[in-house]
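Student: Residue numbers (the numbering used here), protein chains in the order written: chain A, 36 to 309; chain B, 36 to 309; chain C, 36 to 309; chain D, 36 to 309.
These aren't lab readings, by the way, just hints derived from the structure by calculation. These numbers come from a predicted model, not from an experiment. A portion of the hints provided could be inaccurate.
A pair holds if it fits inside one copy or across any two, identical chains being indistinguishable in the list.
Listed below are the simulated DMTMM-like cross-link pairs for lysine to aspartate or glutamate, each with C-alpha atoms no more than 25 Å apart in a straight line [what the hints assert, rightly or not]:
{"no.": "1", "residue 1": "214", "residue 2": "86"}
{"no.": "2", "residue 1": "46", "residue 2": "60"}
{"no.": "3", "residue 1": "122", "residue 2": "109"}
{"no.": "4", "residue 1": "214", "residue 2": "238"}
Protein chains: 4
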Amino acid sequence: MEEKYRLTGLKLKIYEIIFESDTREGRLFDILLLSSIVLSVVIVLLESVQDIKLNWGNWLVGLEWFFTGIFTIEYLARLWVVLNKRKYIFSFFGLVDLLSVLPTYLAIFFAGAQSLLVIRSLRLLRIFRIFKLARFIGESQNLTLALKASRFKIIVFLTTVMTAVIIFGTLIYLIEGPKHGFTSIPLSIYWAIVTMTTVGYGDIAPQTTLGQTLASIIMIMGYGIIAVPTGIVSSEMIALKRRERLTTQVCPHCLKEGHDIDAVYCKYCGGEIN
Amino acid sequence: MEEKYRLTGLKLKIYEIIFESDTREGRLFDILLLSSIVLSVVIVLLESVQDIKLNWGNWLVGLEWFFTGIFTIEYLARLWVVLNKRKYIFSFFGLVDLLSVLPTYLAIFFAGAQSLLVIRSLRLLRIFRIFKLARFIGESQNLTLALKASRFKIIVFLTTVMTAVIIFGTLIYLIEGPKHGFTSIPLSIYWAIVTMTTVGYGDIAPQTTLGQTLASIIMIMGYGIIAVPTGIVSSEMIALKRRERLTTQVCPHCLKEGHDIDAVYCKYCGGEIN
Amino acid sequence: MEEKYRLTGLKLKIYEIIFESDTREGRLFDILLLSSIVLSVVIVLLESVQDIKLNWGNWLVGLEWFFTGIFTIEYLARLWVVLNKRKYIFSFFGLVDLLSVLPTYLAIFFAGAQSLLVIRSLRLLRIFRIFKLARFIGESQNLTLALKASRFKIIVFLTTVMTAVIIFGTLIYLIEGPKHGFTSIPLSIYWAIVTMTTVGYGDIAPQTTLGQTLASIIMIMGYGIIAVPTGIVSSEMIALKRRERLTTQVCPHCLKEGHDIDAVYCKYCGGEIN
Amino acid sequence: MEEKYRLTGLKLKIYEIIFESDTREGRLFDILLLSSIVLSVVIVLLESVQDIKLNWGNWLVGLEWFFTGIFTIEYLARLWVVLNKRKYIFSFFGLVDLLSVLPTYLAIFFAGAQSLLVIRSLRLLRIFRIFKLARFIGESQNLTLALKASRFKIIVFLTTVMTAVIIFGTLIYLIEGPKHGFTSIPLSIYWAIVTMTTVGYGDIAPQTTLGQTLASIIMIMGYGIIAVPTGIVSSEMIALKRRERLTTQVCPHCLKEGHDIDAVYCKYCGGEIN
Chain A
36 MEEKYRLTGL
46 KLKIYEIIFE
56 SDTREGRLFD
66 ILLLSSIVLS
76 VVIVLLESVQ
86 DIKLNWGNWL
96 VGLEWFFTGI
106 FTIEYLARLW
116 VVLNKRKYIF
126 SFFGLVDLLS
136 VLPTYLAIFF
146 AGAQSLLVIR
156 SLRLLRIFRI
166 FKLARFIGES
176 QNLTLALKAS
186 RFKIIVFLTT
196 VMTAVIIFGT
206 LIYLIEGPKH
216 GFTSIPLSIY
226 WAIVTMTTVG
236 YGDIAPQTTL
246 GQTLASIIMI
256 MGYGIIAVPT
266 GIVSSEMIAL
276 KRRERLTTQV
286 CPHCLKEGHD
296 IDAVYCKYCG
306 GEIN
Chain B
36 MEEKYRLTGL
46 KLKIYEIIFE
56 SDTREGRLFD
66 ILLLSSIVLS
76 VVIVLLESVQ
86 DIKLNWGNWL
96 VGLEWFFTGI
106 FTIEYLARLW
116 VVLNKRKYIF
126 SFFGLVDLLS
136 VLPTYLAIFF
146 AGAQSLLVIR
156 SLRLLRIFRI
166 FKLARFIGES
176 QNLTLALKAS
186 RFKIIVFLTT
196 VMTAVIIFGT
206 LIYLIEGPKH
216 GFTSIPLSIY
226 WAIVTMTTVG
236 YGDIAPQTTL
246 GQTLASIIMI
256 MGYGIIAVPT
266 GIVSSEMIAL
276 KRRERLTTQV
286 CPHCLKEGHD
296 IDAVYCKYCG
306 GEIN
Chain C
36 MEEKYRLTGL
46 KLKIYEIIFE
56 SDTREGRLFD
66 ILLLSSIVLS
76 VVIVLLESVQ
86 DIKLNWGNWL
96 VGLEWFFTGI
106 FTIEYLARLW
116 VVLNKRKYIF
126 SFFGLVDLLS
136 VLPTYLAIFF
146 AGAQSLLVIR
156 SLRLLRIFRI
166 FKLARFIGES
176 QNLTLALKAS
186 RFKIIVFLTT
196 VMTAVIIFGT
206 LIYLIEGPKH
216 GFTSIPLSIY
226 WAIVTMTTVG
236 YGDIAPQTTL
246 GQTLASIIMI
256 MGYGIIAVPT
266 GIVSSEMIAL
276 KRRERLTTQV
286 CPHCLKEGHD
296 IDAVYCKYCG
306 GEIN
Chain D
36 MEEKYRLTGL
46 KLKIYEIIFE
56 SDTREGRLFD
66 ILLLSSIVLS
76 VVIVLLESVQ
86 DIKLNWGNWL
96 VGLEWFFTGI
106 FTIEYLARLW
116 VVLNKRKYIF
126 SFFGLVDLLS
136 VLPTYLAIFF
146 AGAQSLLVIR
156 SLRLLRIFRI
166 FKLARFIGES
176 QNLTLALKAS
186 RFKIIVFLTT
196 VMTAVIIFGT
206 LIYLIEGPKH
216 GFTSIPLSIY
226 WAIVTMTTVG
236 YGDIAPQTTL
246 GQTLASIIMI
256 MGYGIIAVPT
266 GIVSSEMIAL
276 KRRERLTTQV
286 CPHCLKEGHD
296 IDAVYCKYCG
306 GEIN
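Take the sequences, apply the hints, and build the full model.
Tutor: Structure, rendered in structure tokens:
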């Protein structure tokens, strides 16, 4: 970010600590923030367990406010040092940063016996705090790239799967019917997804021979269909891997390319490569 | 389609709108039709939910007739502009187009209190409307190609899997027997498929130690067997990807393509490539 | 098989029909035999269904004897024309051919009210008839080759998986104990296999928080472990595919190899390849 | 291990038998030890089955002591011949060797009616004996290497999966709630893992339409996510396989390896390779 060079003094210092991680302070800040996020998420999780809430409720509320305070200061600091404030506020992480503190404050204004439940669910939104983790994984690019390159193939695949589960869901509904638990087509489609993805809860299962035959066909198809996303991702990853291993440099003597990254001399004519 | 050039005036105009998507009107038509198909499928799904049918039944019937009207007009228009009418009628999409409107009309003639259920199931056939979606996904070719190229391997694989589940099904029937829910060999084969594909409903499960040992073997085999279709599809996709890396350059001497990116001379005629 | 040329007249004729499939009669014989095998297996399956047996019992017994007769004649014919009889009898398919007719005959001699059950199970061995199908799929070699090449990796993989499920099974037994259905370590190991292979029947499931945490770890590990056999098979298949596409021929001019199968001229120096 | 050459006489002999497997005695020792480990693990497993313990308890205890004796002698022998004793004791296998005999001895000192249960669980630790198996599989290196090379990608992948299951778990908790069995967020996260890994026990399953819709999305995502570890491992294995295709030939000029099979000149120093 070149905008950084328009900052001076304390602002520049804070910018480097908060947004970058190539200084010692920056790295320390990242580790502390990361730990805080994980801890605050754990607190939200624990608060939902009845037993723990009864015994440790006050502690959890206190810690909750402590982390909300920290994240609020962090959010304001980010807002202060960033030059293009609007861009930050409406960026993905800007919104996530805001959503990770807002529910706790909203709980004050909308307090009251009857609305307690709603507030609790609002507070749960703080779970989005963990999205912040992604910020620290900048190198997930390769994975993202592989997924992006095969975007179109994935859409074709998903459309085919959706069509298949709608048709199979309707067929099983006609075969088994409400008598055997398939009370509606949407529920039957849900069953078809549960079956084709090989999850298989077993809360709904075909009981007639014809239904079980259809289920067998769906399962074996699902078995084959699972190969498609795997094939897509594998081929993209292998292509990425190959690209990494080869320079695009041409030998100045014989004009051939395809040299390894560590090659000093052309492997075809023996001429020196730059 | 060269037959298009034998059309004139309005027919040509309609042909371009309905069958092609490279004009603005054609694209608009495609989007509208696609939306109508999805909506009409959603209506069929909702009609099968008891609660929704009771409260919104009339609306759903009305919308049902509205979409049937639209698809009927569309079908007749297709029939009108196409030159080789018989070919269209008996093509896959010609039949699907017809089947997606027919059930609604059949419901009139076969009306009557006692046959209501049958009619409802006939109407469900309109689900085939969604097959139309495939028309808009012309670029699924690559996936189809990969699957086609490995057609034979897939047959060998399926035969092996079928043989395995028949033998394992018989063995588990002998071991567990009707006492533990394995009431017949076909049902036991169904269980073997449920297990080998890692679906695992749990409605039937082995209860003796020997049966559980056999089940464990089937599961671990299924674990390995799932690798085969994945390997087949992956290797085909990687091969397709490699083909992309070839230049599309034509040899100026013999006019053949398919040269490697690092080729200096044409591998067919020996002439120098640019 | 060169031994064929030591046969004459009728024997040669029958040999060609039964053992080969490059004549018209040979192909017809294969198709008829294949159909008979499938039909006779279906009969065994149907006989195990209580309802069908009661209503069609006599028909099934009749058909059973009809197919047994056909397979007996076929077995004797094979025995008659083959020169090295001992080799055929003790070959895999020789034994399968015998086992696919024997149980029906044994049922006569060991008849009696009390032994009915044993006989029925003996007859089920005729299921091995379907192994005959493999004879017609000679081209499954590629798949077999890929599996063979990675034999050692598969053993390492299976040992690791077995070690993991034994340890995880013992841990879950200690955590959940007989109270929650984990009545013994072998049963707990069975549960670990059911979980790690993502089958998940749900007949036994952890109920304590610690047990569910361990189960989560096993599932996510299983998720990753499933990648290993897939990777093994994929890499073998890709290697096979690559080998198919390249000649091992060396260019006589520049001595380079790696030429495509359809190459006429060397892609490096332009010299003519054989 | 060069330290071996500082041993003489009996110690050298025993060292060669216990630690190496290139002599006939060494190989025999390995096979005997391997069998003993497997048998002793089987005994631990059988002891946990109530019926077997009642009928064969004494035999199992006897065999248990027999194997403990053997492993104790083996441990002491290892300790005696090894030069750097401290290094052995605190090595992974040194600790495993100790842990595989200790629990049986501890059972004597801490005997008593009330502590029986604790002792039994201590004895179960002997299961770690099977870790010894790993010693005999030195060639698992290739698999380990492939996993190591993709260490970082696996961490990114696991973080993404963890984030996804936490968010999906919270959402399903809000949608279904304690009424339908989702009594806390941690339990709901457990359910999300069970669903995303396609295990699907079915002990907890969504019952509202919204919950089932969310479950469907998780399943289809899980379907795609499973492709990522597979892609990672596949691409690593293919890279390993390609490396195998390199010659192991050393350049006669600069003594470096890693040349392509089709290389004519050394890619490091430009010197001609044989």
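Student: All the hints need checking, so say for each whether the structure fits it.
Tutor: Hint check:
In the homo-oligomer, the alpha carbons of residue 214 and residue 86 lie at most 25 Å apart only across protomers (17 Å), although the nearest pairing inside one protomer, at 40 Å, exceeds that limit. In the homo-oligomer, the alpha carbons of residue 46 and residue 60 lie at most 25 Å apart inside one protomer (14 Å), although the nearest pairing across protomers, at 55 Å, exceeds that limit. Taking the shortest alpha-carbon separations for residue 122 and residue 109, only the intra-copy value of 17 Å comes in at or below 25 Å, while the best inter-copy value is 47 Å. In this assembly of identical chains, the alpha carbons of residue 214 and residue 238 lie at most 25 Å apart whether taken from the same copy (14 Å) or from different copies (17 Å).
When held up to the earlier numbered hints, the structure conflicts with none and fits them all.
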